[in-house]
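J.: Chain order of the listed sequences is A and B. In case it helps, the numbering used here puts the first sequence at residues 1 to 328. In case it helps, the numbering used here puts the second sequence at residues 329 to 834.
These are computed hints drawn from the structure, not numbers from a lab. These numbers come from a predicted model, not from an experiment. All residues carry an ideal CB built from backbone N, CA and C; glycine is no exception. Be a bit skeptical, because a hint or two may be false.
Unchecked claim - So the derived label-pair ranges between C-beta atoms look like this:
#: 1; chain 1: B; residue 1: Gly650; chain 2: A; residue 2: Asn270; range: 57 to 63 Å
#: 2; chain 1: A; residue 1: Asp54; chain 2: B; residue 2: Ser705; range: 42 to 48 Å
#: 3; chain 1: A; residue 1: Gly152; chain 2: B; residue 2: Arg698; range: 51 to 57 Å
#: 4; chain 1: B; residue 1: Ala473; chain 2: A; residue 2: Ala318; range: 21 to 27 Å
#: 5; chain 1: A; residue 1: Trp326; chain 2: B; residue 2: Val494; range: 57 to 63 Å
To be verified - If you want the footprint, here are the derived chain B segments under chain A, 3+ residues with CB under 8 Å:
#: 6; stretch: 652 to 661
#: 7; stretch: 666 to 678
#: 8; stretch: 706 to 720
Unchecked claim - SDA-like mimics (lysine to any residue), calculated; alpha carbons at most 20 Å apart, straight line:
#: 9; chain 1: B; residue 1: Lys680; chain 2: A; residue 2: Val304
#: 10; chain 1: B; residue 1: Lys680; chain 2: A; residue 2: Ile137
#: 11; chain 1: B; residue 1: Lys536; chain 2: B; residue 2: Ala496
#: 12; chain 1: B; residue 1: Lys680; chain 2: A; residue 2: Leu191
#: 13; chain 1: B; residue 1: Lys680; chain 2: A; residue 2: Gly112
#: 14; chain 1: B; residue 1: Lys591; chain 2: B; residue 2: Met561
#: 15; chain 1: B; residue 1: Lys640; chain 2: A; residue 2: Asp220
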Amino acid sequence: MSTPTPRQIPDRLASPLARRLKSWEALLLAVAIAIFIANSIASPYFLDPWNLSDASFNFTEKAMIAFAMAMLIIAGDIDLSVASIIALCSTVMGVAMMAGAPVWVLVGLGLGTGLLCGAFNGLLVAGMGLPSIVVTIGTMSLFRGISYIVLGDGAFTGYPSDFSWFGQGYVWWVFSVELALFAALAVMFGLLLHGTSFGRTVYAIGNNATAARFSGIRVDRVRFILFLLTGVMSGLAAVCLTSRLGSTRPSIATGFELEVVTMVVLGGVNILGGSGSIPGVVIAALVMGLVTFGLGLLNVPGIVMSIIVGLLLIGVIALPRLWAMWRK
Amino acid sequence: MQAQSASGTTPVLSLRGISKSFPGVRALNGVQLDLYPGQVTALIGENGAGKSTIVKILTGIYQPDEGTITVGGQDLRFPTAQAASDAGVTAIHQETVLFDELTVAENIFIGHAPRGRFGLIDTRRMEAEAARLLASIGADLSPKARLRDLGIASRHLVAIARALSVDARVVIMDEPTAALSHKEIHELYELVETLKAQGKAILFISHKFDEIFRIADRWTVFRDGQFIEDGTMAEVNEARLVQLMVGRSVDQIYPKRPSQIGKPVLTVAGYSHPTEFEDIGFTLHEGEILGFYGLVGAGRSEVMQALFGITKPSRGACRIAGQVQVIRTTAEAVEAGIVYVPEDRGRQGAVKGMPIFQNVTLPSLHRTSRAGFLRLSEEFALARDYTQRLDLRAASLDQDVGLLSGGNQQKVVIAKWLATRPRVIILDEPTKGIDIGSKAAVHDFMSELAAQGLAVIMVSSEIPEVLGMSDRVIVMREGRIAAEFAGDDMTPENLVRAAVGIEEAA
Chain A
1 MSTPTPRQIP
11 DRLASPLARR
21 LKSWEALLLA
31 VAIAIFIANS
41 IASPYFLDPW
51 NLSDASFNFT
61 EKAMIAFAMA
71 MLIIAGDIDL
81 SVASIIALCS
91 TVMGVAMMAG
101 APVWVLVGLG
111 LGTGLLCGAF
121 NGLLVAGMGL
131 PSIVVTIGTM
141 SLFRGISYIV
151 LGDGAFTGYP
161 SDFSWFGQGY
171 VWWVFSVELA
181 LFAALAVMFG
191 LLLHGTSFGR
201 TVYAIGNNAT
211 AARFSGIRVD
221 RVRFILFLLT
231 GVMSGLAAVC
241 LTSRLGSTRP
251 SIATGFELEV
261 VTMVVLGGVN
271 ILGGSGSIPG
281 VVIAALVMGL
291 VTFGLGLLNV
301 PGIVMSIIVG
311 LLLIGVIALP
321 RLWAMWRK
Chain B
329 MQAQSASGTT
339 PVLSLRGISK
349 SFPGVRALNG
359 VQLDLYPGQV
369 TALIGENGAG
379 KSTIVKILTG
389 IYQPDEGTIT
399 VGGQDLRFPT
409 AQAASDAGVT
419 AIHQETVLFD
429 ELTVAENIFI
439 GHAPRGRFGL
449 IDTRRMEAEA
459 ARLLASIGAD
469 LSPKARLRDL
479 GIASRHLVAI
489 ARALSVDARV
499 VIMDEPTAAL
509 SHKEIHELYE
519 LVETLKAQGK
529 AILFISHKFD
539 EIFRIADRWT
549 VFRDGQFIED
559 GTMAEVNEAR
569 LVQLMVGRSV
579 DQIYPKRPSQ
589 IGKPVLTVAG
599 YSHPTEFEDI
609 GFTLHEGEIL
619 GFYGLVGAGR
629 SEVMQALFGI
639 TKPSRGACRI
649 AGQVQVIRTT
659 AEAVEAGIVY
669 VPEDRGRQGA
679 VKGMPIFQNV
689 TLPSLHRTSR
699 AGFLRLSEEF
709 ALARDYTQRL
719 DLRAASLDQD
729 VGLLSGGNQQ
739 KVVIAKWLAT
749 RPRVIILDEP
759 TKGIDIGSKA
769 AVHDFMSELA
779 AQGLAVIMVS
789 SEIPEVLGMS
799 DRVIVMREGR
809 IAAEFAGDDM
819 TPENLVRAAV
829 GIEEAA
């Protein structure tokens, strides 16, 4: 402690590659590969490219929201109203469709409604300082409630055939429009969270919002933007899902919010905020898609599937801790 | 030194050969420590010397890798905090964990509340005992008050009462006076005398030498995780202790260099806040270090936080480099060139959980990125530059800030602000609770900054620091500016009189 000259501090001790190999994402990827191999042994239909392509619809819409949700949770907030935003967006699109609006208007309304819903959540949370979990449980009932008032027991059907491109179209060979959107958004959100100064402030807020504010960061503005982003992504998911189903019912996308949060947490995002990554969420989306698809091929009923997904989540989360306890 | 009871010659608690390692660090290396009944033993050492680790071992939070703990002649292990408490070891921590939503009495008795019928907590008895405990330490607090309504000094008294609520043989006081005002410190000294008279062994950890010489009977010095020497206070002097602590002699503690005081940079006029401060006005110049002295709660931090955009003043204006500025957010303050190093490092200063370099570049991301995209090489370059200027001690720039010692965390926070190239830097209790080595580095650097023409505001409750570092001193009392001193008027007597409100003897 007595050298007077400043000493050289190295930038890093471990190389980024070494750290990546020991990461959560690496473990998750191993799980994904194991499930892939198990599935291909268990069912002869699994490796068919068209079957795999169909299976991707299990996760693409949820994953779009999960990317934005991951950033929101890393910043220390959560949005439980995403599935209800889908219902409201889809309802607005349905009303416009009945009035004869063209496809681009439908898409614009879907995204715009999502943006407004996100702005409403953001205003209450970041603007007024209310806790996000309470606010979005409230708007979860509110947004879907509006859909029920508009639709009652009914449904909007008869979307124009051009509109079906989003949920049923293919870009090239077996690659669907949704899968392409999933890939493009994965790259965009990966860059946004890991490569921009905006992403860095998201981590800072999640780790210590007070210190972030004391570092000159506009904390509430960042949180508001994250709610907007989650709203828009829910709107996009609404466009894809409505297009794929070809109809709007008020019960559309029921339970999506829990699957989205599961995907995010499975992807290694700390539910308390501060850490997590987009690659992790991408792999988690694939894992969840593979599990549901594999079990579907084996004719496992839906209720059993949700039990298995739940156990998978708890198992993967508990694994590192059990490992540490066992080694002690 | 006063006469000790007969048992005063054999230690009630002895540590021998205690070692503790963490990944990459050997925090303690075969240290020893003896605590005698009815005596105060001061544990002295720089931050990183192993003081906090030994406290955690004594309170059962950490397990030593090797070594023995002997209490009252018995070899004991403290596998849990409860075991340490059962053995009669209790601690008043630097940052004691208290519960905001509980009452004073509930905080004091949490974990060992008196039980009534059916095993329910006997609130009446608990509050009565809490009142008795509080009275015994001279604390004027209601046992029913909610903790969140109390100030930092009152919280400290609650923490002390809590430590005494178990029947303790050994009381550890870890920087107990760090947050207290003068009056409260004297009350604490009286409390220590009371505890001594009751035959309790006290381990006293402090950076303040005047304090140590005032109340300690014995001393033990650690350096870099090793036991250096121990003895009685009667046979040692300040210079010797400093020499043992740092392993070299420290001749000049306050390296204030004369600097060229230039144009006004910041002019504040009529700044007021509904509850915290009233009619604050001053002018700060280039190259100047302006000290703000006052008792805890005088409103100094509140004024500084208003200048930094944390709170909004209800009235008043400020002018930066000649231009009137309205500062509503911290981002606007940083843009205007005002930065603030907060007193509460743990919550407001460093973003723990994030690496050093990311902490340093956090307010400068617009400079280290292009079109919003981060450029890591520039981030590392900026962080390397400023952390080395402050002589930061760290394993790597990628290390979590939360793993650094308090003094080094403070250097990271200061580096973060200097990297923004500010006009005005406000340092709120910049050396509170940090070791002498880091303290000197911070002082040295402040002096250098002022010499380079930066305007510095230093809020401090330590008179030697205020007098040693400032060109001018403003004293605040009860939210108002009580007095301003410069040159030969800057004496300890003047500062204290103004702070407590004693008028000059007529």
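J.: Provide an ascending list of the numbers of those earlier hints which the structure does not satisfy.
T.: Result: hints 1, 4, 5, 9, 10, 11, 12, 13 and 14 break, sorted rising.
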